[in-house]
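Participant: Next come the chains, spelled out residue by residue.
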Amino acid sequence: MNTQESAGAKQRRSAGKLTGAALRNLGLCLYALFALFPLIWMIICTFKSDAEMYNTVFRFTPTMENYRAVLLGTDYFKAFLQNLVVSGGAVLLTVVAGVPAAYALARYDFKRKEGIAFQILSFKFAPEIMVVLPVFLIFQKIGLYDTYFGLIWVYQVITMPLLIWVVRGYFEEISVEIEQAAQLDGYPWFQVFFKTLLPLIKPGLVASGLLAFIFAWNSFTFPLVLSGFQIQTITITSLRYIASDTIHYGQVAVASMIAVLPEIVACLFIQKHLVRGLSFGAVKG
Amino acid sequence: MAQIELDGITKKYGSNTALDHVSLTISDNEFFVLFGPAGAGKTTLLKTIAGVEFPQEGLVKIGGEIVNHVEPMNRNVSMVFENYALYPHLNVYDNIASPLRSKLYRHDEDSIKSAVERVTKMMRIDGLLGRKPSQLSNGQRQRVAIGRCLVRNPNVFLMDEPLAHLDAKLRHFMRSELKEMQSSFNSTTIYVTHDYMEAMSLADRIAVLNKGKIEQLGTSQEMYYTPCNEFVSTLFGEPEINLFPAVPVRENGRLRLSVPGGNLLSLEPDVEKLLGSRGDEAYDIGIRGGDIRFSFEPRDGWIAGTVYASEPIGNKVILTAEVGQTKIRVTAPNDTRADLDQPVFLQPDMRNAILFDAEKKTYLTRSRAERLIGTKTPQTAARG
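Line by line, the protein sequences give chains A and B. Its first residue numbered 198, the first sequence is counted upward by one per residue in the numbering used here. Its first residue numbered 71, the second sequence is counted upward by one per residue in the numbering used here.
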């Protein structure tokens with residue numbers, strides 16, 4: 198093979214590489230457009246008046262009327278805050294109760310351990326609508342209907358199982374000798390937990406905590422049935438713009454758009470924790 | 071600075087008995103080695119002393135006090151774990167500094183720095199201080215683990231196979247370093263290993279553990295020269311001790327032993343006297359490769375066999391001879407050349423043969439044992 202030929206081949210190869218990259222990016226752009234289009238359309242809708250709502254062209258007179266109606270005309274902010282309290286409270290309770298539960302399921306040997314672990318996971322299988330009626334009746338009786346605590350409590354059904362299962366996996370991956378070494382180094386159990394175990398389970402804890410938050414934030418069935426006038430979550434409030442005579446799509450769009458903001462912000466902040474792999478290489482093998 | 075007493079320690083995992091009524095007293099400043107095959111319960115015993123495993127029965131005493139209900143952190147023991155147990159999220163420096171940063175053993179950062187420097191120099195890992203455990207080789211991780219153990223001055227050092235993953239040269243160096251350090255530190259050390267050379271070179275005393283029980287307790291010499299049974303005899307020495315059956319034959323008022331190959335071996339007077347007082351039951355002869363003379367020329371009265379294998383290992387050649395069905399390993403000088411299946415003639419030096427009861431597999435006698443181990447007779451640990 199002479200050098201000219203090989204140079205030509207090289208050129209061809211690099212040209213091929215370039216086209217490949219261009220095609221790949223084009224494909225990704227098209228997919229992004231496809232995937233994000235509903236969101237883009239929703240954002241466009243927020244600036245449309247009800248009259249122009251059914252236009253399928255991009256030409257319209259932008260208006261801030263929807264924003265004014267939702268943000269100033271209703272108690273949207275109150276619902277937003279209440280949703281934050283309920284979801285945040287639910288995640289907090291899930292972490293505080295779920296991490297010790299996960300630890301116990303990972304470390305201790307007790308009767309029917311796997312059965313209990315699976316039972317916890319199975320809470321996630323049942324549709325919410327199936328349990329919501331009995332819970333409604335019970336809550337009415339014991340006075341938890343339409344309270345923060347009632348909702349936070351019942352949210353555990355949707356937030357806790359996932360966290361327990363993810364964090365349990367992380368605990369199982371940490372060799373028990375690491376804990377024992379920390380004990381022998383002179384640390385009491387809570388320091389062993391906070392200084393040694395917590396950093397190692399952090400990726401799993403943060404990721405599953407975020408998912409738990411999203412589940413709680415988006416929950417619809419539970420707050421629909423179990424809350425009334427005192428507590429209003431954002432998913433329920435958004436319903437209000439669907440009146441009996443007309444549906445204010447623009448206002449619904451505004452409500453939804455603001456509702457997804459906390460989730461997007463949270464996701465961006467903890468993106469790096471969603472990558473697993475911290476505890477690898479700790480133990481020989 | 072503490073004596074350790076174990077009294078009837080029993081530990082079960084489900085239906086598996088890891089430790090079966092183990093009783094031991096380890097004196098102050100002793101370098102004590104726990105030795106035994108895999109799964110013998112060595113690590114469990116160590117963890118029981120550390121307080122991270124709890125025995126179902128029995129008492130653990132450190133410095134005369136019962137510590138069964140004392141938290142590990144308050145026992146003032148320091149341990150090297152077999153799987154290193156380094157903190158994956160901390161770098162080497164912080165790993166080693168960890169014991170000095172706990173509230174209990176708190177030091178200021180300056181003295182931590184000098185202490186960490188001291189041990190990392192000794193472990194030859196002073197160039198790796200900024201690395202995470204995942205960026206180290208197994209040998210380096212092991213040295214970090216040893217460093218974390220040695221950085222403070224506890225009552226008891228517990229070391230679980232601390233040199234197992236080091237290369238041979240470093241292992242030799244660390245062995246002498248540990249021995250040296252232990253004598254200067256004035257603290258009790260319990261050391262787990264399955265390497266008999268490590269055990270013999272380091273130990274003040276050795277306990278051989280098997281299936282959760284102590285088989286024998288004694289000095290290196292006692293283990294090597296007067297093993298309490300055939301199991302212990304096979305654990306010490308390379309090549310493994312030769313064990314073959316022997317039947318007593320009485321003729322003309324003399325007692326000799328008939329061995330595979332049909333030869334009759336004469337006995338030392340003291341051994342002959344002892345065996346003469348017993349019945350005619352069979353024995354097992356245990357003899358180490360170095361105590362067998364060999365020749366490739368026929369010799370009168372020597373056992374005839376053929377060369378089965380010849381392995382040169384540097385300073386010596388391990389010659390395996392086949393006599394009937396029995397294989398006998400002989401240590402030969404390193405210039406020995408042997409062809410396979412070539413005839414070879416062996417003569418065991420009966421002055422150094424160990425006689426075992428063929429049925430119970432326990433130690434009976436060897437000629438003038440006191441010249442090797444003093445006046446003591448081998449002691450078997452009391453069985454529960």
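In short, the hints are calculated from the structure, not lab data. Please note that the accuracy of each hint is not assured.
[As the list claims (entries may be wrong)] Estimated spans, in silico, between C-beta atoms of each pair:
#, chain 1, residue 1, chain 2, residue 2, range
1, B, K191, A, Y345, 22 to 32 Å
2, A, V373, B, T80, 51 to 61 Å
3, B, S184, A, Q468, 17 to 27 Å
4, A, Y305, B, P315, 21 to 31 Å
5, B, L129, A, K310, 40 to 50 Å
6, A, L436, B, E141, 50 to 60 Å
7, A, W386, B, P107, 28 to 38 Å
All of these numbers come straight from a predicted model, not from anything done at the bench. Glycine included, each C-beta is placed from N, C-alpha and C at the ideal position.
Participant: Could you check the structure against the hints above and give me the numbers of any it violates, in ascending order?
Facilitator: 1, 2, 3, 4 and 5
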